[in-house]
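Given next are the chains, with one letter for each unit.
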Amino acid sequence: MTIVVLSRRSLLAAGGSVLATGVLAAGASGLLLPASADGLAPTETMTGGANNYRKGAPVVDRIGKGGFWMSGTVRRAGDGAPLAGQRIQIWAHTVEGQEHEPQSHGATLTGKDGAFRLEMPQIIPIFGQPHGHLAYDSGEFKTVFLRPIMRSAKDTSLEAHFVLQPA
Amino acid sequence: MPLIWAALAVAIGVPIALAAASEQLAWRGPVYILAGFAGIVALGLVLVQPLLIGGVLPGLSAYRARRAHHWIGDALALAVVIHVAGLWFTSPPDMIDALTFSSPTPFSPFGVVAMWAIFAVAVLAALRRRLGLRLRTWRFVHIPLALVIVACSVVHCLLIEGTMESISKAVLCAAVLAATVKVMADLWRKRMVRSETVARQ
Numbered sequence: 001m002t003i004v005v006l007s008r009r010s011l012l013a014a015g016g017s018v019l020a021t022g023v024l025a026a027g028a029s030g031l032l033l034p035a036s037a038d039g040l041a042p043t044e045t046m047t048g049g050a051n052n053y054r055k056g057a058p059v060v061d062r063i064g065k066g067g068f069w070m071s072g073t074v075r076r077a078g079d080g081a082p083l084a085g086q087r088i089q090i091w092a093h094t095v096e097g098q099e100h101e102p103q104s105h106g107a108t109l110t111g112k113d114g115a116f117r118l119e120m121p122q123i124i125p126i127f128g129q130p131h132g133h134l135a136y137d138s139g140e141f142k143t144v145f146l147r148p149i150m151r152s153a154k155d156t157s158l159e160a161h162f163v164l165q166p167a
Numbered sequence: 001m002p003l004i005w006a007a008l009a010v011a012i013g014v015p016i017a018l019a020a021a022s023e024q025l026a027w028r029g030p031v032y033i034l035a036g037f038a039g040i041v042a043l044g045l046v047l048v049q050p051l052l053i054g055g056v057l058p059g060l061s062a063y064r065a066r067r068a069h070h071w072i073g074d075a076l077a078l079a080v081v082i083h084v085a086g087l088w089f090t091s092p093p094d095m096i097d098a099l100t101f102s103s104p105t106p107f108s109p110f111g112v113v114a115m116w117a118i119f120a121v122a123v124l125a126a127l128r129r130r131l132g133l134r135l136r137t138w139r140f141v142h143i144p145l146a147l148v149i150v151a152c153s154v155v156h157c158l159l160i161e162g163t164m165e166s167i168s169k170a171v172l173c174a175a176v177l178a179a180t181v182k183v184m185a186d187l188w189r190k191r192m193v194r195s196e197t198v199a200r201q
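Protein sequence lines correspond, in order, to chains Y and U. Read left to right, the first sequence gives residues 1 to 167 (my numbering). Read left to right, the second sequence gives residues 1 to 201 (my numbering).
Keep in mind that the hints were calculated from the coordinates and are not lab data. By construction, the Cβ of each residue, glycine as well, lies at the ideal position given by its N, Cα and C atoms. Check before you lean on any hint, since a few could be wrong.
To be verified - Using C-beta positions, here's what the derived DEER-type ranges look like:
#	chain 1	residue 1	chain 2	residue 2	range
1	U	193	Y	153	44 to 54 angstroms
2	U	119	Y	138	16 to 26 angstroms
3	U	14	Y	151	23 to 33 angstroms
4	U	119	Y	153	55 to 65 angstroms
5	Y	165	U	126	45 to 55 angstroms
6	U	62	Y	152	29 to 39 angstroms
7	U	134	Y	103	26 to 36 angstroms
8	Y	165	U	9	13 to 23 angstroms
9	U	10	Y	60	26 to 36 angstroms
10	Y	115	U	166	46 to 56 angstroms
11	U	13	Y	95	24 to 34 angstroms
12	U	182	Y	151	31 to 41 angstroms
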């Protein structure tokens, strides 16, 4: 009997401490994020982000022969919760094709942690800047187009992060 | 004296040759390549223009230099048309963004302003006789537009990451600025001398 009570007590204590750290962690991260009063602000579509967009690129394991990594995260505006299973479309002018060509487009899904990562051919400078294009366009949340720029044309990876708000 | 001709050939020829050797060309279509080189050639012509009209190039009479300045002005406008049309063909949405001043690339508005200034000079030059513009009026219009063309072309070019090799590009841009400053300074000095002579009489 005593054993049961003890285990129940320890269970409660453990649960309580998990809850406390959880709340503290959320509070701390909330303090670190900008615009914490209204929660995490949604990402705005970038100028030129939708250029050469093609609707409905297929979800692929890799675009072309790969060699370059596009990665990022998808979170919900306000609480910043990671959004799993979200389709992100990616395209760019690469060593294997121009921006508008179908083989330059592909899509991937976010994992449980809201992160995505898709291998694609090396991005090269086009229209004066080495840049990529990403879109969230599945409808559940507001559509967002991003156009991140590489620090150097020699970079072999690029990141873009989405914070989505309900449509 | 032919040294200045050699320097001019190097200042224009080397950046074109180095751009022609750029590995970026492998990933571009022929129209995009043509558009890019039209832009580089246009910058080279912007260097030739002040040298011609300033009488800096030896072996050319003032008359022939002025004729050449007119012809090269037309060639410059044509090069810009090829540059813009080729880029439009390559990626219409990017070119439309640039022309409407809503492009994310910082160099685009400079290029577009330079383009309109070049077109304005070309049109005014073609209509100059019909409009009966005197030399003073013409200079009053052309000189500020020429300064806009030079400044905006140089900024446009320097901010672009493309096929041009950076040192030869910077040297060409510096040459364009130096030639413009020299010719403008000469013009200013002549005007000062003339007004002094007039004052003395």
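These are the hints, each one checked on the structure:
no. : hint                               : in the structure
1   : U:193 to Y:153: 44 to 54 angstroms : holds (51 angstroms)
2   : U:119 to Y:138: 16 to 26 angstroms : violated (44 angstroms)
3   : U:14 to Y:151: 23 to 33 angstroms  : holds (28 angstroms)
4   : U:119 to Y:153: 55 to 65 angstroms : violated (32 angstroms)
5   : Y:165 to U:126: 45 to 55 angstroms : holds (54 angstroms)
6   : U:62 to Y:152: 29 to 39 angstroms  : violated (49 angstroms)
7   : U:134 to Y:103: 26 to 36 angstroms : violated (60 angstroms)
8   : Y:165 to U:9: 13 to 23 angstroms   : violated (59 angstroms)
9   : U:10 to Y:60: 26 to 36 angstroms   : violated (49 angstroms)
10  : Y:115 to U:166: 46 to 56 angstroms : violated (36 angstroms)
11  : U:13 to Y:95: 24 to 34 angstroms   : holds (29 angstroms)
12  : U:182 to Y:151: 31 to 41 angstroms : holds (38 angstroms)
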